[in-house]
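All chains should be built: construct the whole structure from the sequences, respecting the hints.
Chains as they are written, first to last, in our numbering: chain F, 2 to 168; chain D, 25 to 355.
Possibly wrong hints are sitting among the right ones.
In silico lysine-lysine, DSS-like type, Cα no more than 27 Å apart, as pairs [claimed, not checked]:
| no. | chain 1 | residue 1 | chain 2 | residue 2 |
| --- | --- | --- | --- | --- |
| 1 | D | 147 | F | 125 |
| 2 | D | 43 | F | 125 |
| 3 | F | 128 | D | 242 |
| 4 | D | 43 | F | 68 |
| 5 | F | 134 | D | 147 |
| 6 | F | 134 | D | 242 |
| 7 | F | 125 | D | 64 |
| 8 | F | 104 | D | 43 |
| 9 | D | 147 | F | 155 |
| 10 | F | 125 | D | 139 |
| 11 | D | 43 | F | 128 |
| 12 | F | 132 | D | 147 |
| 13 | D | 75 | D | 93 |
| 14 | F | 9 | D | 342 |
| 15 | D | 87 | D | 242 |
| 16 | F | 81 | D | 43 |
| 17 | F | 104 | D | 242 |
DEER-style ranges, computed between Cβ atoms [stated by the list, open to error]:
| no. | chain 1 | residue 1 | chain 2 | residue 2 | range |
| --- | --- | --- | --- | --- | --- |
| 18 | F | 119 | D | 317 | 37 to 47 Å |
| 19 | D | 157 | F | 113 | 16 to 26 Å |
| 20 | F | 157 | D | 80 | 54 to 64 Å |
| 21 | D | 332 | F | 3 | 24 to 34 Å |
| 22 | D | 53 | F | 3 | 32 to 42 Å |
| 23 | D | 157 | F | 136 | 51 to 61 Å |
| 24 | F | 105 | D | 75 | 37 to 47 Å |
| 25 | D | 58 | F | 96 | 21 to 31 Å |
| 26 | D | 238 | F | 119 | 19 to 29 Å |
| 27 | F | 3 | D | 192 | 25 to 35 Å |
| 28 | F | 146 | D | 194 | 48 to 58 Å |
Sample of chain F residues lacking proximity to chain D, with all beta carbon distances greater than 10 Å (derived) [said to hold, decoys possible]:
| no. | residue |
| --- | --- |
| 29 | 3 |
| 30 | 4 |
| 31 | 31 |
| 32 | 68 |
| 33 | 103 |
| 34 | 110 |
| 35 | 126 |
| 36 | 131 |
| 37 | 136 |
| 38 | 139 |
| 39 | 141 |
| 40 | 143 |
I should point out that these hints are in silico values taken from the structure, not numbers from a laboratory. None of the values given here were measured: they were computed from a predicted structure. Ideal Cβ positions, reconstructed from N, Cα and C, are used throughout, including at glycine.
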Amino acid sequence: MLCDECGKNEAKVHVTHILNGKKSENHLCEECAKKNQTILNSNFSMENLFSAMLNNALNTTPYLPAKGCDMCGMTYEEFKQTGKFGCSHCIDTFKPRLMPVVKNIQGHELHRGKIPRRAGGIYKVQKDIEKLKEELKSVIEQEEYETAAKLRDKIRSMESNIKKGDE
Amino acid sequence: MENNGIVLTSRIRLARNLKNYKFPLKMDLEESNKVVEEVKNAVDRQNLNYKITYMRDLSEVEKNVMVEKHLISPALAEKKETGAFLLSGDEKVSIMLNEEDHIRIQTLGTGMSLKECWEISNKIDDVLEGEVDYAFDRELGYVTACPTNIGTGMRASVMVHLPALSITNQIEKLLIGISQLGVAVRGVYGEGTKSMGHLYQISNQGTLGASEETLIDKISQIVAQIVEKEERMRAHLKKNNLYEIEDDCYRAYGLLTNARRMPTEEAMKLLSLLKLGKEMEIIDKAKDKDIYRLMVKIQPNNILSSTDTELTGKERDKMRAEIIRNELLEN
Ligand SMILES: [Zn+2]
Ligand SMILES: [Zn+2]
Chain F
2 MLCDECGKNE AKVHVTHILN GKKSENHLCE ECAKKNQTIL NSNFSMENLF
52 SAMLNNALNT TPYLPAKGCD MCGMTYEEFK QTGKFGCSHC IDTFKPRLMP
102 VVKNIQGHEL HRGKIPRRAG GIYKVQKDIE KLKEELKSVI EQEEYETAAK
152 LRDKIRSMES NIKKGDE
Chain D
25 MENNGIVLTS RIRLARNLKN YKFPLKMDLE ESNKVVEEVK NAVDRQNLNY
75 KITYMRDLSE VEKNVMVEKH LISPALAEKK ETGAFLLSGD EKVSIMLNEE
125 DHIRIQTLGT GMSLKECWEI SNKIDDVLEG EVDYAFDREL GYVTACPTNI
175 GTGMRASVMV HLPALSITNQ IEKLLIGISQ LGVAVRGVYG EGTKSMGHLY
225 QISNQGTLGA SEETLIDKIS QIVAQIVEKE ERMRAHLKKN NLYEIEDDCY
275 RAYGLLTNAR RMPTEEAMKL LSLLKLGKEM EIIDKAKDKD IYRLMVKIQP
325 NNILSSTDTE LTGKERDKMR AEIIRNELLE N
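This is the structure in structure tokens:
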């Protein structure tokens, strides 16, 4: 079997990726494999899949001349090609077009994981409040009213702090 | 989970970016230096025991060694001018700078240790976040350069050794099945799903919409199921095919300790059989040898980096055979 990359040497390194029950294979000669260590070690099949999906999404939605990102200057064409953001502002610039694709590849469209203390700001507090409210529910079910009262006070003061911060 | 040699390593990687700098794809040299400086200062202020290394100060060979030791990614090694990494004193945590994202916190552990790796990564992530401004989006979570990492920015992966399932041709069906559960499976260095050395990497496919703990639990449960299947197959082989498997393992040992020429693919297959035989207690050779470490040591890049002279393929196979004989036969 010949190398997928150069088509000259015999392929000696074989990499298999399985995603959603679909198999993809790469066969490389030792030289090309050395050059392509990123391919061998990164989740490249997912990235390829993403740019394919991105292209599909673009081809099915009418083309709108998109203006580039105000911070890094990346255009939608460029984003479509690289499949990567150029800076933290790109996400806002491309969000309307991005969301269906994100939903498609990730299966979700809302972050439910860790929220950083500072950058998360108010959201972090809101998430903490949600957690406390759940705790409160279970405490009430177990009839631990003293703890429940303390929790309720804590939640109230956190909520009023958020309101103050809004003003 | 008990460490039975089936689960080899665990790894947690968190991708993070700074809000006020362009991402590595778009940044210039000056900006990349500022990112390195900012993160380095943050770590220094906290008096953490980390040592910084700049890619531009390393030779090709030195970089390869770092990659083979899994301390940095191959993609970071490519960032000759802009890349750097902070390595913890115990070499468990590596904070890679200016790879695809500004920051990639990687924590390595042995056996099934995803939870411990997450705790360590989470802590250092908190420390950094207290000092630098992360890019974070209310809906999409941590903003990463590639949308496949968005949300938690977390990739949890486990490397497993599945020889019994492989030699009995059960592996393909199993791997295709589990890949439908939102898990990515990668057979490294192997043709088809018959990965070289029967080594597989299992990691979470999605990074958005679930908490880090949920993603880790899911991977852990799937790995536990795979381990159970491998163990059951080993028990089945021992009961029904002892004579054949014993013969396979002793043949592997015979070749490994006598051959004068050893291509990577053959070496990986034989070492995998030897490892299986040791763990099934059907071969009493190479008793205290770490076979997985030897598997890493004989990879083409590793052999190249162990010598200064250029090697032809033939010379490399000869050297590989020598390394294996020495390792297995020395006391
Ligand atoms: Zn090639
Ligand atoms: Zn941008």
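Against the structure, the hints:
1. D/147 with F/125: holds, 17 Å
2. D/43 with F/125: Within the cut-off at roughly 17 Å; holds.
3. F/128 with D/242: holds, 23 Å
4. D/43 with F/68: Judged against 27 Å, a Cα distance of about 21 Å means the pair holds.
5. F/134 with D/147: holds, 25 Å
6. F/134 with D/242: Status holds; Cα separation ~26 Å.
7. F/125 with D/64: holds, 26 Å
8. F/104 with D/43: holds, 24 Å
9. D/147 with F/155: Holds. Residue 147 of chain D to residue 155 of chain F sits at ~26 Å (cutoff 27 Å).
10. F/125 with D/139: holds, 22 Å
11. D/43 with F/128: Answer holds: residue 43 of chain D to residue 128 of chain F is near 22 Å, not above 27 Å.
12. F/132 with D/147: holds, 20 Å
13. D/75 with D/93: holds, 16 Å
14. F/9 with D/342: holds, 25 Å
15. D/87 with D/242: violated, 34 Å
16. F/81 with D/43: holds, 22 Å
17. F/104 with D/242: Roughly 20 Å between the alpha carbons, so the hint for residue 104 of chain F and residue 242 of chain D holds.
18. F/119 with D/317: 37 to 47 Å: Holds, since residue 119 of chain F and residue 317 of chain D (Cβ atoms, about 41 Å apart) stay within the stated range.
19. D/157 with F/113: 16 to 26 Å: holds, 23 Å
20. F/157 with D/80: 54 to 64 Å: holds, 55 Å
21. D/332 with F/3: 24 to 34 Å: holds, 32 Å
22. D/53 with F/3: 32 to 42 Å: Given a distance of about 39 Å, which is inside 32 to 42 Å, the answer is holds.
23. D/157 with F/136: 51 to 61 Å: Since residue 157 of chain D and residue 136 of chain F have Cβ atoms about 31 Å apart, the given range 51 to 61 Å is violated.
24. F/105 with D/75: 37 to 47 Å: Roughly 42 Å apart at Cβ, these two residues keep to the hinted range, so it holds.
25. D/58 with F/96: 21 to 31 Å: Given a distance of about 27 Å, which is inside 21 to 31 Å, the answer is holds.
26. D/238 with F/119: 19 to 29 Å: For residue 119 of chain F against residue 238 of chain D, whose Cβ atoms are near 24 Å apart, the range 19 to 29 Å holds.
27. F/3 with D/192: 25 to 35 Å: At 31 Å between Cβs, range holds.
28. F/146 with D/194: 48 to 58 Å: Since the Cβ atoms of residue 146 of chain F and residue 194 of chain D sit about 56 Å apart, the hinted range of 48 to 58 Å holds.
29. 3: holds, 14 Å
30. 4: holds, 14 Å
31. 31: violated, 6 Å
32. 68: Given a closest Cβ separation of 16 Å, the condition holds.
33. 103: Violated, since 6 Å does not exceed 10 Å.
34. 110: violated, 7 Å
35. 126: holds, 13 Å
36. 131: Holds, because the least Cβ-Cβ distance between residue 131 of chain F and chain D comes to about 12 Å, which exceeds 10 Å.
37. 136: holds, 16 Å
38. 139: Consistent with the label, residue 139 of chain F stays out of reach of chain D, its closest Cβ about 18 Å off (over 10 Å).
39. 141: holds, 24 Å
40. 143: holds, 24 Å
Of the numbered hints given earlier, the model fails hints 15, 23, 31, 33 and 34; all others are met.
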